[in-house]
Amino acid sequence: MTHDANHSHYWQESYTNGRIPWDLGHPTPTFARLAASGDYPPGQMIVLGAGRGHDARLFARHGFTVTAVDFAPEAVRAMQELNDPAYPVDILQTDIFELGEEWNGRFDYLLEYTCFCAIDPARRDDYAALAARLLKPDGLYIGFAFPIGKRPGGPPFVVQPDAVIELLTEHRFKLQHREFAFDSVPSRQNIEELIILQKQK
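First residue of the sequence shown: 10, per the working numbering; consecutive thereafter.
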């Protein structure tokens with residue numbers, strides 16, 4: 010049932026049973042390209058719905074100060090086990106919607122992949138408001154709109170990139186870049202689009 014996606018036990022069961030098709034088992038190739046490009050100076054980054062933390066650790070290795078958030082105990086345990094002391098990630102086990110005011114305006118970057126599609130679509134506006142709250146003025150939202158489509162049900166709940174961009178625009182974001190990434194993993198080619206938006210002052 011779709012409402013289960015709002016609760017950690019749904020995702021904990023998925024991890025426990027090994028039903029985690031969203032987990033590539035390695036960093037997202039497109040994010041690896043961005044991290045290595047030099048176009049995004051290291052800063053404070055938050056990764057929402059970080060799962061096992063592959064992308065969080067990737068950016069930490071590139072000098073970013075990374076906070077990774079997930080509410081599934083098994084995902085958090087995996088992140089803790091895989092955490093590299095040389096490039097540590099700050100790991101929080103909490104519902105992203107329960108992040109307190111002390112996190113407001115703290116981050117230069119918000120990294121998003123397979124989190125937006127995992128939340129109940131009724132909470133998408135809450136998610137956009139959360140992104141606006143967490144980011145500093147001029148902060149960047151870097152994410153994949155995934156999976157693009159029109160089928161019913163979920164999670165994952167399908168997304169439309171234009172709708173995500175419009176939603177974020179309503180929360181004072183401005184589109185900076187979008188692309189169908191050439192280095193998306195083969196199974197996700199053309200059903201995900203990289204979108205980068207900047208929070209306006």
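Be careful, since some hints might not be right.
[What the hints assert, rightly or not] Below, simulated BS3-like cross-link-like pairs (lysine-lysine); rule was C-alpha separation at most 30 Å, straight line: (1) Lys183 with Lys159; (2) Lys145 with Lys183; (3) Lys145 with Lys210; (4) Lys183 with Lys210.
No lab work stands behind these hints: they were computed from the structure.
Do the hints match the structure? See the list:
no.: 1; hint: Lys183 with Lys159; result: holds, 25 Å
no.: 2; hint: Lys145 with Lys183; result: holds, 14 Å
no.: 3; hint: Lys145 with Lys210; result: holds, 8 Å
no.: 4; hint: Lys183 with Lys210; result: holds, 11 Å
Violated hints: none; the structure is consistent with every hint.
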